[in-house]
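Trainee: The chain contents come next:
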Amino acid sequence: MAKMTIAEALRQAIREEMQRDERVFCLGEDIGIPGGFGGAFTVTLGLSEEFGHERILDTPISEAAIAGIAIGAAIAGMRPIADVQYGDFLFNMMDQLANEAAKLRYMSGGTLSVPLVMRAPVGATARGAQHAQSLEAFFTHVPGLKVVCPATAYDAKGLLKSAVRDDNPVLVFEHKLLYGSKGARTEKGTLSIVGDVPEDDYTVPIGKGVIRREGKDVTIVANLLMLYRALSAAETLAQQGIEAEVIDPRTLLPLDEELIFNSIKKTGRLVIVEEDNLTNGWGAEVAARMADKAFFWLDAPIKRVAAPDVPPPFAPVLERNYVPNEEKIIQAVLSIV
Amino acid sequence: MKEKEMNLTQDQAQTESAYPSLPKEKLLWMYRTMVLIRRFEETANDLYMQGRIPSTLHLYIGQEAVAVGISAAIRREDYVMSTHRPHGHALAKGVSAKAIMAELFGKASGACKGKGGSMHVGDIAVNMPPAIAIVGGNVPIAAGLALAAKMQRKDFVSVCYFGDGAANEGDWHEAVNCAAIWNLPLLLVCENNLYAASTPFNKAFKIDYVAQRSEAYGIPGTSIDGNDVMEVFRTAYEAVARARRGDGPTLIECLTYRQCGHSRSDPRTYRSKEEEEFWKAKDPILRFKNYLLTKKDIDEKELSALDVSVEEEIKEAVEFAEASPEPDPAEVYTDVLKE
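Which chain is which? The protein sequence lines are Y and S, in order. The working numbering puts the first residue of the first sequence at 1004, with every later residue one more than the last. The working numbering puts the first residue of the second sequence at 16, with every later residue one more than the last.
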């Protein structure tokens, strides 16, 4: 067991998968340049020295090519881990991901598969509207993709390994304030998410959420940074005698509906917290499914806490009002208990 | 029109150069495959007009020399990435006429089990993934297939077909640049048929030839007579050899002409009858037939026998497609993810 940040855990997952399987390689911008950063958030730092520049492949600033090349390589038997510096740049490769990666298997009548991993940092971090978005919902809408969002170091290693071994395209969303990146790439306002990470080979299954805190009064579903804000809100609520059960979905597509459903059976109440804009976020889908499935178990309306329907702002005071915080989560809970 | 400057009037035989002569068997395969594509497309068109197949159709009539010339220069293990106009590429790569026809009918026995359709024909068994109908979207994927060859230390190459219109897509530029800097074994085969849907080439390009763009990426490029199957073959042969040697990609611009409209609903009112006649006179099959009869030891009887065998193959394909069952409606749910 070792203490690791999420960035270190992701790096270790990549290292172990590359050692285990020679088909695994990384491609992206600034991931292996000597003297460089190891990707925007240090995840691949040192790996080019270890594995060489062919398997830690630096690309031009060409996001569509990164995604498309990963698709082609995957079809021909490789296991690419593609890297985008900021999740927002996924829009540059949207065609490749949504039209090609997600549909090639179906269009082939199930005769080929596209085993690629696409890693993308999300979250608002004082960079303004184009380096800040939480884009999970754009991809949970696309059949043929899987979407995961590890919020702990343990899950970061285990889910990334599962993603590499999955025969389908998997998007891995990572939060900038959870990486724990060190040195020049340290993020202001970062949480110190250092966790115990086994040194042996383990995986975290895609499609399985986890209960991070048990409670009987209300279920809170929250991913990535919002998980920590929800846990913090739960502690405050506990002081008022309200015990919140906090669920980390870990995978958004396919969603672990049973875990959320079973929790609602116990609590009768549901609050969903996401950093994405409110309208048509992944939380809307969770709400719709639970309104259908858990209708007779719910004692109150389902509440969503999300960013308002505006672009991510720059000024710290605006950004603080944009990203859901502990207070907003508490308000939502208090409105239904 | 620019085609007049393109030196397309020269006789086929005059362009024959240093390439070792092809065995008769291969020449006959090339002729037969060109006729197969032509007759497949004419038949598909008839079936469509009779309302017997759903969907739209993007016919390859007039461009047969490109798919056949390229395919004559590659192997089964080489990859092909095609476009929304893929029937000819697929037939030349070895996807069966039956499987393609059944796919056009939306049948369970189709090349993609009825889940692809006309614009996504392919068969991974012959290393042709489903064709990509997003213009330019196939180019990065083709580069990725070529990257796999390089990383796996294998000598297969990747062929990417695209139209002149695709060369104005961002994906094209990103992928060509990556293939260039990494010396990927990729053939960039531009089928410049003078129109991107209805938009003429000169409204979309400041330059005269797509191949001029190769220089900007530091790779070889050439514009050739795309209605001369032997010239296409010879050019592809050199590019394939170069790719297998590890010397990188080549841009081959095949100047050709789409004798039909862009798709089935296209009345072709944006171009003149004179232009269409000019290009019909350069029909790739007529020219190759003439070449075989006058320059090779092949007689009319041999070619007629091939024509007859093509008719049989097409007839069988249509019968197979019509007799095949439709997919089980429950099939809509399968083949999304690999378990």
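Treat the hints as calculated values from the structure; they're not laboratory data. Cβ atoms here follow ideal geometry from the backbone N, Cα and C, with glycine treated the same way. Treat the hints with care, as some may be off.
[Unchecked claim] Label-pair restraints from in silico Cβ distances: (1) G1055(Y) with K41(S): 25 to 33 angstroms; (2) S213(S) with D1312(Y): 52 to 60 angstroms; (3) V351(S) with Q1334(Y): 53 to 61 angstroms; (4) F1298(Y) with Y348(S): 23 to 31 angstroms; (5) D1199(Y) with K169(S): 36 to 44 angstroms; (6) R168(S) with K1296(Y): 49 to 57 angstroms; (7) G1210(Y) with Q167(S): 27 to 35 angstroms.
[Said to hold, decoys possible] If you want a taste of the chain Y side facing chain S, the calculated C-beta under 7 angstroms gives, among others: (8) A1067; (9) M1097; (10) D1098; (11) A1101; (12) Y1109; (13) G1112; (14) G1113; (15) S1116; (16) V1145; (17) P1146; (18) D1170; (19) P1316; (20) A1318; (21) L1321; (22) A1335; (23) L1337.
[What the hints assert, rightly or not] For the chain S half of the interface with chain Y, some residues (derived, Cβ under 8 angstroms), not all of them: (24) R90; (25) S124; (26) G131; (27) V141; (28) G152; (29) P155; (30) F335; (31) A338; (32) S339.
Trainee: Per the CB criterion, is F335(S) less than 8 angstroms away from chain Y?
Mentor: With a minimum Cβ separation of about 16 angstroms from chain Y (threshold 8 angstroms), the hint on F335(S) is violated.
Trainee: Would you settle whether the hint for V141(S) is holds or violated, based on the nearest Cβ-Cβ distance to chain Y being less than 8 angstroms?
Mentor: 11 angstroms, violated
Trainee: With 7 angstroms as the cut and Cβ atoms as the points, is A1101(Y) at the interface with chain S?
Mentor: 10 angstroms, violated
Trainee: Against chain S, with CB atoms and a cut of 7 angstroms, does the hint on A1335(Y) hold up?
Mentor: Result: violated, 34 angstroms to nearest chain S Cβ.
Trainee: Does the beta carbon distance between F1298(Y) and Y348(S) stay inside 23 to 31 angstroms, or does it fall outside?
Mentor: Given range 23 to 31 angstroms: holds, Cβ gap about 25 angstroms.
Trainee: So, P1316(Y) near chain S? Judge it on the closest CB pair being under 7 angstroms.
Mentor: 29 angstroms, violated
Trainee: Cβ-Cβ distance between V351(S) and Q1334(Y): within 53 to 61 angstroms?
Mentor: 39 angstroms, violated
Trainee: Mind checking the hinted window 36 to 44 angstroms against the Cβ distance between D1199(Y) and K169(S)?
Mentor: 42 angstroms, holds
Trainee: Given R90(S) as an interface hint, is its Cβ closer than 8 angstroms to any Cβ of chain Y?
Mentor: 15 angstroms, violated
Trainee: Is the hint on L1337(Y) kept, meaning its closest Cβ partner in chain S is under 7 angstroms away?
Mentor: 40 angstroms, violated
Trainee: So, as I understand it, the hint says P155(S) touches chain Y; can you test that by seeing if any CB pair is closer than 8 angstroms?
Mentor: 2 angstroms, holds
Trainee: Next item in the hint list is G1112(Y). Is there a CB on chain S closer than 7 angstroms to its CB?
Mentor: 3 angstroms, holds
Of the numbered hints given earlier, the model fails hints 1, 2, 3, 9, 11, 16, 19, 20, 21, 22, 23, 24, 25, 27, 30, 31 and 32; all others are met.
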